[in-house]
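Go ahead and model the full structure; you've got the sequences and the hints to work with.
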Amino acid sequence: MQTDSTETPIIAFRDVIYKFPDGRELLHGLNLQVHRGETLILLGRSGSGKTTMLKLINRLLTPSSGSVSVNGGAGKTVDVIRLRRSIGYVIQNVGLFPHLTVERNIGLVPRLERWPADKIRARVEELLKLVGLDHAIATRYPHQLSGGQQQRVGVARALAADPAILLMDEPFGALDAITRDELQREFLSLQDRLHKTIVFVTHDLREAIRLGSRIALIEAGKLVTVLSPREFLRSKEPIAAAYIRAFGEGLETSANRGPS
Amino acid sequence: MNIGHFFLQHHEEILELTLEHLWLVGISTLLAVVIGIPLGIVSAHWPAWNRPVLGSANVIQTIPSLALFGFLLPVPWIGARADRLAILALTLYALLPVIRNTFTGIRGVDPAVVEAGRGMGMTGGQLLFQVQLPLAISVILAGVRVAVVVSVGLATIAAAIGAGGLGELIFRGLAMVNNQLILAGAVPAAVLALIADFGLGWLERALRPQ
Chain R
22 MQTDSTETPI
32 IAFRDVIYKF
42 PDGRELLHGL
52 NLQVHRGETL
62 ILLGRSGSGK
72 TTMLKLINRL
82 LTPSSGSVSV
92 NGGAGKTVDV
102 IRLRRSIGYV
112 IQNVGLFPHL
122 TVERNIGLVP
132 RLERWPADKI
142 RARVEELLKL
152 VGLDHAIATR
162 YPHQLSGGQQ
172 QRVGVARALA
182 ADPAILLMDE
192 PFGALDAITR
202 DELQREFLSL
212 QDRLHKTIVF
222 VTHDLREAIR
232 LGSRIALIEA
242 GKLVTVLSPR
252 EFLRSKEPIA
262 AAYIRAFGEG
272 LETSANRGPS
Chain P
271 MNIGHFFLQH
281 HEEILELTLE
291 HLWLVGISTL
301 LAVVIGIPLG
311 IVSAHWPAWN
321 RPVLGSANVI
331 QTIPSLALFG
341 FLLPVPWIGA
351 RADRLAILAL
361 TLYALLPVIR
371 NTFTGIRGVD
381 PAVVEAGRGM
391 GMTGGQLLFQ
401 VQLPLAISVI
411 LAGVRVAVVV
421 SVGLATIAAA
431 IGAGGLGELI
441 FRGLAMVNNQ
451 LILAGAVPAA
461 VLALIADFGL
471 GWLERALRPQ
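For the protein sequence lines, the chains are R and P, in the order given. So the number in my numbering is just where the residue sits in the first sequence, counting from 1, plus 21. So the number in my numbering is just where the residue sits in the second sequence, counting from 1, plus 270.
Hints listed in this document are in silico derivations from the structure and should not be mistaken for laboratory results. Given the structure is predicted, the values throughout are model-derived calculations rather than measurements. Just so it is clear, CB atoms sit at the ideal spot from N, CA and C, and this is done for glycine as well. It cannot be assumed that every hint is accurate.
Stated by the list, open to error - The following residues of chain P were derived to be distant from chain R, with all beta-carbon distances above 12 Å:
(1) L278
(2) G296
(3) L301
(4) P308
(5) H315
(6) I330
(7) F341
(8) A412
(9) W472
As the list claims (entries may be wrong) - The following residues of chain P were derived to be distant from chain R, with all beta-carbon distances above 12 Å:
(10) A318
(11) L343
(12) V384
(13) R388
(14) T393
(15) Q400
(16) V420
(17) L453
(18) L464
As the list claims (entries may be wrong) - Only some residues are given here: those of chain P computed to face chain R with a beta carbon under 7 Å:
(19) L292
(20) A382
(21) G389
(22) G391
(23) G395
(24) L398
(25) P404
(26) V409
Set out below in structure tokens:
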């Protein structure tokens, strides 16, 4: 399995058009492939269609035409619930369940999958450690946590059933600079160990350069280009250049050199 | 004869009528909850149902209670017994607050939370029972609380069609121009309403998500 899986993309967008129910077109014929084990960044302005692309992957939305296949499956034959449970999903406003403790939030998908209780408890412990949270936090409610802690719980929850794919929608966007830096650092070390396939949405070039193995630049519902962080910095592409101007100097040093 | 003395003297009848009153209110509230919560859920999930459901509940609310008792009189089986009739009428009145608050409660759940649940692979049923209803429960209970308090008052009118309850003392007192008799019906009814209001209010706060 391992041999051909490295060649065939784990996620593939083919000529994807997405229209709102009112007929406005948001994505105009998108083609994009995500490879196993990479962190693909979707970089773009607000309203460019990045979040929509994530939701097309886990079928919260379906394309108006074209197809989005995950692990080779596309169209109506896919069991949407199965698919979603095999994909971790982290969103910007965290979306933790306010009426459930940290423990129950993290153990949600395992519980839906009817894991035995002791296995869930062990997994929650393991995940809390993985995302750098004290296990004393397990019995607290989301509103009793800081923003950074909430986001860590969000990540732990997404990783709970050990999905191969992780979708992250501006997960660190609402955090203060220091906490964001901390979490980005942890993200890199996590990815070094776990080798998930990650699709990561951001509008922050600095974050994209730091975390991405490849950056897909999205502008007004079109894919402009897909480049490695280093290529991106040297790109003559006008929109890429505009990003570099907007984010100023000193980007070079933060570029993700991959897990070498 | 002072009022306390009067209460003492008639305590058996007052107690019996209070229990009858509670029965009318209890059964009709139970029915309103069993019918109203599903209707509220349906109208929150399918916008097409929203207007007809809430609209009809609204219209029912505008019918004067005595007239509603009258309308239901010819209905077979229901019209045959006064208590059935009263329970049906009270249920119909209690529906609106229950439906409306269920609707509002479910619609009021943070969309990010619902989206996260869907994105994690919860089925519609799991989302409803594990996320939406638990988060809406205090709003729904607030509706039930309104329904109960209104029902306690309305149920006194059921005595007009012979369904019993504390209204019987009030109507008898009116007919006999006996204030003590009126109070013997009105005071326990008010106390019932207050207890129900307080108890359900406490429950509502206890179940409110932080």
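How the hints compare with the structure:
1. Residue placement check: P:L278 keeps its beta carbon more than 12 Å from all beta carbons of chain R (closest about 48 Å).
2. Annotated as non-interface, P:G296 keeps its C-beta farther than 12 Å from every C-beta of chain R; the closest such distance is 28 Å.
3. With a minimum CB-CB distance of about 28 Å to chain R, P:L301 clears the 12 Å threshold, and the non-interface call stands.
4. Distance to chain R confirms P:P308 as a non-interface residue, since its nearest Cβ pair spans about 21 Å, more than 12 Å.
5. Non-interface status of P:H315 relative to chain R is upheld: no Cβ of that chain comes within 12 Å, the nearest being about 16 Å off.
6. Its beta-carbon lying about 33 Å from the closest one in chain R, P:I330 satisfies the requirement of being farther than 12 Å from that chain.
7. For P:F341, the requirement that its beta carbon stay farther than 12 Å from each beta carbon of chain R is met, with the minimum near 42 Å.
8. Every C-beta of chain R lies more than 12 Å from that of P:A412, the closest at about 17 Å, which supports listing it as non-interface.
9. Once the 12 Å rule is applied to beta carbons, P:W472 is consistent with being away from chain R; the minimum gap is 19 Å.
10. Interface exclusion of P:A318 from chain R stands, the closest Cβ pair being 15 Å apart, more than 12 Å.
11. At the 12 Å boundary, the C-beta of P:L343 stays outside the reach of chain R, the nearest C-beta of that chain being 46 Å off.
12. At the 12 Å boundary, the C-beta of P:V384 falls inside the reach of chain R, the nearest C-beta of that chain being 8 Å off.
13. Here P:R388 does not stay apart from chain R, with its beta-carbon only about 6 Å from theirs, under the 12 Å limit.
14. The non-interface label for P:T393 is inconsistent with chain R: the shortest C-beta to C-beta separation is roughly 6 Å, within 12 Å.
15. The beta carbon of P:Q400 is not kept farther than 12 Å from every beta carbon of chain R, the shortest such distance being approximately 8 Å.
16. A cut-off of 12 Å between C-beta atoms confirms that P:V420 is not in contact with chain R; the least separation is 29 Å.
17. Every C-beta of chain R lies more than 12 Å from that of P:L453, the closest at about 45 Å, which supports listing it as non-interface.
18. Even its closest Cβ contact with chain R, about 30 Å, leaves P:L464 beyond 12 Å, as expected for a residue assigned away from the interface.
19. The interface hint given for P:L292 is broken, as the beta carbon of that residue sits about 32 Å from the closest beta carbon of chain R, more than 7 Å.
20. Annotation: P:A382 was flagged as interfacial toward chain R, and the flag holds, the nearest CB pair being 4 Å apart, inside 7 Å.
21. The interface hint given for P:G389 holds, since its Cβ lies 4 Å from the closest Cβ of chain R, which is under the 7 Å cut-off.
22. Look at P:G391: its Cβ gets to within about 3 Å of chain R, closer than 7 Å, so that hint holds up.
23. Because the closest C-beta pair between P:G395 and chain R is about 11 Å apart, greater than 7 Å, the hint is violated.
24. Taken as an interface hint, P:L398 does not check out: its beta carbon lies about 13 Å from the nearest beta carbon of chain R, beyond 7 Å.
25. Interface restraint check for P:P404: the shortest CB-CB distance to chain R comes to about 5 Å, inside 7 Å, so the restraint holds.
26. Because the smallest distance between the Cβ of P:V409 and any Cβ of chain R comes to about 13 Å, over 7 Å, the interface hint for this residue is violated.
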